[in-house]
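These protein sequence lines map, in sequence, to chains A, B and C. Position one of the first sequence corresponds to residue 1 (my numbering), numbered consecutively onward. Position one of the second sequence corresponds to residue 1 (my numbering), numbered consecutively onward. Position one of the third sequence corresponds to residue 1 (my numbering), numbered consecutively onward.
Derived by calculation from the structure, the hints in this document are not laboratory data. In this text the structure is predicted, and so the values were computed from the model without any measurement. Possibly wrong hints are sitting among the right ones.
Calculated cross-link-like contacts (lysine-lysine; reagent style DSBU-like; alpha-carbon spacing at most 30 Å) [to be verified]:
1. K69(C) with K102(A)
2. K69(C) with K386(A)
3. K280(A) with K333(A)
4. K369(A) with K290(A)
5. K421(A) with K69(C)
Each chain, letter by letter, is given below.
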Amino acid sequence: MKYHASRRVWVVAATATVIALTASGCGSGAGDSDGKTTLTVTTQVDYGYRDLYKEYEKSHPGIKIREVLVDDLPKKLVTQLAANRGASDVVGLGDDTIGEFKPSYQRFVNLADHGVNNTDDPWVRWAYDYGTVEGGKYVMGLRTDIGGLGICYRTDLFKEAGLPTDPERVGQLWPTWDKFTEVGEEFRAKVKDASFTANTGDIWVGMENQHKETFFSESDDSFMADENSGLKQDFLTAASMSVRKVSGGYPPFTPEMANALKTGKAATAVCPAWKLDRTKEASGPGNSGKWSVAAAPQGGNWGGSYLLVPKQTKHTKEAVELARWLTSSKVQKRLFLSKGYLSSHPSVYSDPTVQAKKDTYFSNAPTGKIFAEAVDKMQPIYRGTKDSDVATAFMNALLRVEQGKQKPEDAWSQAVSDAEKVAGD
Amino acid sequence: MALATHPTAGRRRPKSDGGRRPGFLVYATLVGVLAASVFPLYYSFVLPTRDNSAIGDSLLTLTPGGNLLHNIQRVYDTVDFWLALRNSLIISTTVTVCCVLLSSLAGFAFAKLPFRGRNALFVAVVITAMLPTQLGMIPLYMLMGNLGWIATLKAVIVPALVNAFAVFWMRQACDESVPYELVEAARVDGCSTLGIFWHVALPAIRPQAAVLAMFTFMATWNDFMWPLIVLDPSLTPTVQTALSSLASGYALDYTLILSGAAIGVLPLLLVFLLLSRQIVAGVMQGAVKG
Amino acid sequence: MTVTETRPGAEATTASAPGHHPRRRAWRSRLTRFDLRYTPYVFIAPFFVIFGVFAVWPLLYTGWISFHKWAIIEGDQGWLGLHNYQALFADEYFWNALLNTALLLVLGTGVQLAVALWLAGVLNRKLSASAVWRAGVVLPHIVSVVAVSLVFAQLYGFHTGVVNDVLSVVGIDRIDWQASRWTAIPAVATIIIWRWAGYYALIFLAAMQGIPRELNEAAMLDGASRRRIFWSITVPSIRPTIIFSVVMSTIGAMQTFTEPQLFDVQGTDGTGGSDRQFQTLMMYLYEKGFREFNAGYAATLAWVMFLLIAVVSGINYALSRRIASKD
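Chain A with its partners taken away, still in its complex shape:
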């Protein structure tokens, strides 16, 4: 009796194994089921496309879209391209990482071969150009949104500190980051239980994005952060915000930060356009109307992405079509109206309805206008092939200052030497 019982268990188990092995034999589960073409779109963060996918599937009955978020997308993509396997049909890369893939641009479909150009539904020139190589002949990626830089601030806390609350006047408070720090100190003298800004990491990324060259030189991709005095100055300014207790030290993108926004422990946060929606979500409906947005010191751009189609895809035509649709002015306008993502099409950001858009959550600040103002003046930043590896060293350095472990100068020196090690080989 016992024999049989035990044997049955083994037989079941072994059968399960055989089935499992055959099932795993073909490797991936991303096959095209029920005659539909499945397009996988992989991005590093949520691009807010979910509803759009559903709509696209409805209007294109033969298409199914799989959305995948990958923590370490640029690293994974490197290995996927090398192995010639695993890359998705459409890949989203941030404007800070696409540069790492420009040397291997031939592994991506040249979208120009599929009718993409910058005349039919034009993007703002610099944003389009940055997604191309070979002097514009090879279109690697299509620009999604633009991260026009703004500063979110709490009107209630500003009032308490005796600061103005009107976006226009708040923006005039801080023409430069140094001014921003001074306002912060003023604020700190008046308001005891809140810090002026959430953290220095976000400030630094905002600043760093205002340079044309940052860590690597545009001419030969060599490491140049050690000679980039403007960059160093900005770093020291950012770090000094910790020393001068202007920053609260709530690390970027953590629940700690969300808590600070929600409970009014931080009066300002760096807000590129795409972050408005996230700020809203993090600080919760209870704070509606307490927030507003003003222009950031020295303007600039943080973020925005490109959609690319790796040559590995088996559905080039469909993938290109989807990428074009997602980045078209029509769709980008909707994303602005629903989520506040600033469009990279001049036809959208200069559109009167967009310019007139006001967000009640942000005290009816004219977000469309604030963000759109700087777009024309923007320029893309040169990003080296090891940019993201190096960036960590500087974020860590700021964190060290924030944690009281180092002085700003020392933190900078260590960041540079750390970065050199990474860039060196």
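Following the hints, position chains B and C against chain A.
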């Protein structure tokens, strides 16, 4: 089950300090230990029931809310959690079954079959049990590349099919639980070696095999580093890599991650609760003894 | 695979029933002899083949790679001799990671085994509802290590973590757990202890159950205290299990990765804190090998770790033999 039949169970003990039943203090300690083991687990089940605007609240809010289903839906919206669950199930089941079968075979051979070089080979097993095999992952990764296995489940399954500790464990089990007389008798009856393994050894070592199976399943299910490296998060996510994807990038949202974690742990919890008695008993039987 | 095997037992009876075929019988006996002689090798072959190819070979090849400039994707870039080793021994981040790993080893594994031993001692008493307690202590082990690490990272949050909330109730200032090695390592150690103490407690308990009860009872009659019995009878009796556990958990601890990696707010991008204050050797290996794709350097680190593990295991073995056999 093995515990209940202990020879001294039920016998009257002499009155001495050592024989006293454990007092209040011991139970209080145990309750404390239990609370400590359950708390983070409880916490990871409570957060998912709350709505995501609560994530900014102080985290010392321990009462459940009513948003579990909604959050689980968001998990499935955000990552392909079905695929991750399916992959994890395939990997863990295959590895578990193969590992238990293959190491039982080897363990049986080492314990009960005479062959030349047995001792030397077994010493090799014992030594390899101590090898930190994870450290070979760079060549292993390149090997997977040459085989074309990167981003396929095989890359995780095949290297885990055997491990030296399992062989060691099953040899111990066969040594203790398979009587020589039965092996000899089966041989006299004309059983082949495989037949003896199948009809005599396997049924006898079931409890220890169950323990090995459970721990192999758990370890494989919870493996993170190698799948992170060799699998592809979009083609072949596992529960663990999908969880880390949920935690990535701009996700401020711990309710989401922990909802995923809660779903991811359910299969294990279920198996564990169903088997916990057998496992505890099996561990007792299969103890590594001097 | 095994399912499709024929059932030799049944076959044997039908074959021997008529018994008129001498040739067939000879074949049969030859088969039996073959079976006796070679089947054991067939049984152990899968282990040795798979283990050899997918575990031993990569480990040895790691050594070969370490003498080269080698990139994960581009492959071999030329012989470097001992250069990688020189670079590694001059690399302060290597020593930093080594120190962290050692601290975690002592604080995590050491405490975890001590707790386990103590727990096993408690569980070994005549408890009511013993199954509940036993199941309870291994429960932490089944929870996803990814989820656990994330939850603990939350609990230890500076501004909003529960641990600091509790401390501030008692009147202790909030601690920035991640900021310093001396707070981060103990915090990570608690994750490790939490996950593994129950597991090892069960293993110790299993061994304790094998101690003849007469031994304890005789000691009790002599009026020995419980503590004395524990140290002079229980612990020495389970010595092999203790040694085994110490060695195995040391090997595991030397390769700690997930808990500290996910304790970092930057997740898998992180370097174990702003100043690598809780970066372990394995995390450094991951950073070099799979983020910077520098296979040669990572292999060097792996090979050095391998030697270190061998040495530490040896020391451990000797030490735990002595400790467990004292008295």
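Hint check results:
no.	hint	in the structure
1	K69(C) with K102(A)	holds (24 Å)
2	K69(C) with K386(A)	holds (18 Å)
3	K280(A) with K333(A)	holds (20 Å)
4	K369(A) with K290(A)	holds (20 Å)
5	K421(A) with K69(C)	holds (15 Å)
Comparing the model with each earlier hint shows no violations; every hint is respected.
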